[in-house]
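Engineer: Assemble chain F onto chain X, guided by the hints.
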Amino acid sequence: MNSGGKRKSGSLNEGSHDIEEGPSLLTSHIATSDADSEASDESEIEGSESDESSSQDEENVESDSSDDSDSDDDSDNDAGYDSASVEKDKSAADADKAESSVNSKDEYEYDSSDEEDVRNTIGNIPVNWYDNYDHIGYDVEGNKLIKPKQGDALDEFLEKVDDPNYWRTVRNKLTGQKVVLSDEDLNQIQRIQSSTHPGGSDDLYAPWVDFFSNEVMEMPVTGRPPDKRSFIPSKWEKQRVGQMVHALKMGWMKPRGEIRKAKLSRDPNAPSLDLWKDDAEPEITKRYRMHIPAPKEPLPGHAESYNPPEEYLFDEEEEAKWDGQEPEERRMDFKPEKFSSYRAVPKYEKFINERFHRLLDLYMAARQRKMKMNVNPEDLIPKRPDKKDLQPYPTREGMIYKGHKDMVRTISPDPSGQWLASGSDDATVKVWEIATGRCMKTIPMASKVTCVAWNPNPSVNLLAATVDSDVVLINPQVGDKLVCSNTDSTLESYVESASSSEHKSPVSWSTVSDADHKKGVRLKIEHQQEITHFTWHAKGDYFATVQKGSKGQSVLIHQLSRRQTQAPFSKPKGLVQRVMFHPVHPYFFVATQQHIRIYNLVKQELHKKLQANCKYISSIDIHPGGDNIIIGSYDSRLCWFDLDLSTKPYQTLKYHKKALRQVAYHKHYPLFASASDDGSIIVSHGKVYTDQLLNPLIVTVKILRGHKTTNHLSVLDCKFHPTQPWIFSSGADSTIRLFV
Amino acid sequence: MASEASLGSISHVQAKFFTKQKEYSIPDVPYSLPITVSPKELNDIVHNVLYEGDNEKTAVFDFLINGELLRSTLEFYLEDKEISIESELEVEYIERQAAPRPEASLSHDDWISSVRGNNNLIICGCYDNTIKLWSRDGQCLTTIPGHSGPVKCLTWLKRAESSGEDEEYLFASGSHDQAAFVWRWKGSKKEIDCLYAFRGHSGSVDCIDANGDGERIITGSWDKTIKLWTADNTSTDQNERDDSENTHQPKKMKSGGHKMITRVPLLTLGGHKEAVSAVVWLDDTNVCSSSWDHTLRLWDMSRAEQTQILEGSKAFFQIAQSPLSNLIASASADRHVRLHDLRTKEMKGTYTSHAGWVSSVDWSKSDEHLFVSGSHDCLMKLWDTRSPKAPLYNLIGQEEKILAVDWSIPDLMLSGGADNQLKMFNYKKFLIMK
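As given, the protein sequences belong to chains X and F, one line each in that order. Counting in UniProt numbering, the first sequence runs from 1 upward without gaps. Counting in UniProt numbering, the second sequence runs from 1 upward without gaps.
Source of the hints: derived by calculation from the structure; they are not laboratory data. Be a bit skeptical, because a hint or two may be false.
[Said to hold, decoys possible] Residues from chain X that keep clear of chain F, each with C-beta distances beyond 12 Å, as calculated:
1) ARG119
2) LEU154
3) GLU378
4) ILE400
5) GLY417
6) ARG438
7) LYS481
8) SER513
9) GLN529
10) GLY540
11) GLY552
12) ASP678
13) HIS721
14) GLN724
15) LEU738
[Unchecked claim] Taking lysine-lysine and the DSSO-like style, the derived pairs with C-alpha atoms no more than 30 Å apart in a straight line are:
16) LYS539/X x LYS224/F
17) LYS657/X x LYS687/X
18) LYS314/F x LYS708/X
19) LYS224/F x LYS667/X
20) LYS441/X x LYS372/X
21) LYS22/F x LYS387/X
All values derive from a computational prediction rather than experimental measurement. Note that beta-carbon positions come from the ideal geometry of N, C-alpha and C, so glycine has one too.
Chain F on its own, in the form it takes in the complex:
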């Protein structure tokens, strides 16, 4: 039997190739493929048709069958999905994602707990109570010693505010010292100011997010509450207190004479039974929060109430929302990354490849199928939602557990962790074979 199979009596399957990228389209002719064919051989077939031997510049393709990436031979795929070999397959091919290239490694003094990128700036929260501001090309612009506890979370308030010379960036940070600060970075003067201090949490501030216009900030804390704050400089002063009254003020402020305003929350939302691990603005009114009590909750901020609850089976450590597909990716201690659809309340998929506790996830802002995850197994993984069993790439570099990943800058993936290093990976959209 075996000899027969090797002699060419391998079963064949009919397949049609198509693509949504017009420049790579080939005639709509069914091909008879041996079922032992691998993606590489499929690639050769498409190449032969497409370029007809002209090898100067060729794209590499990945192959999708029924919306799922083909990662093994066709035989395994068909067996796994229990598809009959008599049926005709519709094989879509897309350009293969390029492997991210490690770019730079930025050294810190202590563990990195949080990292965020914006345009050409990167902020890093550290366990030595400081925030480091880096430029895109790896230059340390400043170190901000504002917090009295390890910085746990960061967010940019205005994601891309660049107005020529007088560029001004706002960002917010939360810390173990139960406070959140809003900072202003003036690029021209290389000056950092603390605008607001948000005080009111009775636990460490573990997560923070700002809405689209950067005026509403929500924080989640270990004290199980979510608080809404305003960073609006036109707001009335009734929420404000004089800085001198506060006993827990930051010891050293480098702000040149600017008066820091301490604000109390606009809103406190209780409902989670355990620590809140992540908060995300979904749009201008809705917020999604995740917690150690195994739930995802949706809140309507205009009405200040909980609108929806999704029960999970494990404690959530972080969630991220894709701006393109609106799916929520969640990281948890049991190695899996899960995708949730908030509208249907169902789990869309489970992505398992990490060997340890997944600490952080972030979506690509440019591709609805791509996201990255960082884990305590020292690996950052680039995932395609269409390939749930294996990631596209493992990004190796970190030597200790990864605590934060970020993909806010479309061509830069960032990861930071317990080895005090911020790793940058350059990401190009498609792989072009030379």
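Pulled out of the complex, with its shape left as it was, chain X reads as follows:
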């Protein structure tokens, strides 16, 4: 026998027993497996045990010769095995016994509960209730559990004598069976009786075995082989290191020592040269911040369902409409369709197409970032004052002055506010009493009256009217008689001086015939061309006229007291529309078609040039304060200029539908108005603050209508009452209206 082979087999099959000297490795294997499978057979095991002991003896004898120490060890081992196997066999036998006593059925076949013993289902009742029956209870199926046979006292005695396990046999009350307590049970009972730990571990304070210790063990705790990656250098680390090396090379990054050195060497008091360095944003973060996400596709709606609700399906009309439309104008680019089941949905034909377009969109579409502000749009609108707070302003028609037979081109209230002069195409000038609408005077003229203007000086009662190429100065003889007579006497007291006659005047001043004098006409200033505009200076001594055509002399300034005329501009810079004197300062406003030039009359130079953003200026008026002007234009705009602010309009109002004819400021109230060919007069609140920091407040307050439109002409002139918040308007319907 090969001892080496035998030992090997022994080591491989630990806990098994070589029944016979194995002829080969294979047979011994089989034998051991057999022995394992039939371990429940007690007798056989016992038999093999005896065999084994004998064979061991033999072995020991055989091996003694070769190695003593070895054999000693082996025998110890074998003895250990023996005791262990005995124990095991016993417990197996116990189980066997219990099994055989209960109808040889698997106790867990029907019942999976964790309860200790459910074979008897009578519950927790005194068992002695069943003493008189031959059954002790019922099993889960309701069958009686028959009491096991109970021997009489003789049997008991015999058992006591015969059975060596009698002392450790107890009776299970529930089943009436006898149970032989195992050593372990006994051990446990003993421990409980001696008040020690029932679990059996005697040494509660056994030293702690630290498996995962810091000590390097010969064998690892887990048998898992190390990962491959632990043998390969990290790619990312390499990349990172590479970046750092590059940064070091380029000087972007510096070794710590150098940084410290640089810090130490830097003068702490030296000013930082780059003021904005903290504000500079690295490119990468900027890109992240400015990232614009792709636009989201809308989520599919009910119409896109394979089984949409009825209302989403097209009826015939809608379908025809859908078919008729160009793909671009369709509301949705598919027809809702209904399928009986999801399974029946065909392949989506336009899938590729749509994907392509989506990608194309994402790729091609220039997306721009919208700077969103969380501002309530209401807050951006400047606060409009309530109209009620802006009263008084004219609100309704108060009076109609009837009497002219043709369109009334021009009106002018007298400075006291009692009279109103009007000039009409029926070649008359009329003077009205404002309060009653009574026509007080009618002064016939030679031709159409284009312009009337009351002398602003209250101590002079003089009305100027322009008729064709003449300026006619009229004393209408209304109002204070003393003033009227003074006016006449000052006009008559003029003595022609020699110097003025020498000068070649562009116009001729002349007194009038007696017949005209009786009518009230006092002076006539004959121009060469038709006069288009007339204006008084605020003091009432100077006045300016604009005449048509004649190039160098289109603007003329006349002085009443000396009866002199001069042409201030040798060459006007365009077609002069209107001229005006500044109410306070020696400025002269000349409005050409698109510009307003302000000349300083004292210094004789151009003071300012205003850019009106309109094509054709029709009218101009200056705020009584003198720092703001409004202009109206034939392209239906009204521009408000703040002379302190800019040469561009402070505000442009385009509320009229047609050309503006006249604009006017009120002398006292913060009101201005514009009259337009669309038949309306729009009155606006225009408050100018004395505080230089506040811009004028402009609010449109009222649209006044009344004049009828004839020949595309409606309102021709509008003027405010000098003291009341009333406005006069004259129209092509030959009436003058007063709005109060």
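Structural biologist: Structure of chain F alone, referenced to chain X:
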């Protein structure tokens, strides 16, 4: 719901009727009235109680609730005033004002700017610079061509001076020619004399008023001043100038040899910032003036100073004081007639119905609740102060804008305007249904 309401589930309100006129009083029993009841139906109810079917002579009543005339159905009234229908209403009934009857139309040559009545005489100021004197029955007594400008204002100096045969009337006129004249009309001789000429204004004289005894005259002018003059013939001659010195004397005087005295003002009161539109004597010392500068001012003439100022929102064209209630009614360009109480300085009410510029107002001299207003919308309206939303009657007749109204003669309302006609309306106090 609607059918329910029509079937008679209309809410009812408890009401008691009472009156201050003893002859019409009815028992003080509360009645349950449907809220849809109108003044006419209320009238029928009162009639039934009062006359019990006797229809021979019945007065017509108007109904007042809380001092305001009921002009619509009760429902509207309660809604408007937010009165609960559970509260008991106290309904006062008064005899209804009779509708004024148009009486005569007196034709003039030009616009009438001013009209005043007194007893049985009417004076009219015209734009043709004349004053026409009419008798009560429409007879033109005389035409006075004194002024050189349109006559703007007139006033009687002694309102009812009748002394039998030798009746003598004084009146004053103001004009655009900046002068005011005092005239004397001798009824027996049919003679007109110009007693005084008041010169001194530098604007047209727009308003004039005389105090109770007719000796103090105030004028207001476009030159923003108020001047006080005397028409007292016993006053010293230091204020007087000889007529011949004056360059602006009236060209033709029909006075038979009587010498006209020109007087300068006793007092000039400045304070108004715009033209003075009306002046009224409140009593013997106090004057109220209105102006285009949106203010009413009170002046004490004995101390020659301004005592009070009332700010309005619109230019005043005319004011009138009620002799009974002492309220001031004002006419302005914005269609409203306003009532002011000078003692409390507050506005008592706004009467809006005119469609145009209100040019003139005048109070009834016999009834503290009634006044008339004339407007450029050609209508004269009779108002009750207790009915601010609608006038009692619209007096139609004028074809052009009305410039002047007058109710100095208690049973005669006068209006004159731009159609050259003086319209007279007869006014009887109460309406008696036949």
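Engineer: Sort out which numbered hints this structure fails and list those numbers smallest first.
Structural biologist: 4, 5, 6, 7, 13, 14, 15, 20 and 21
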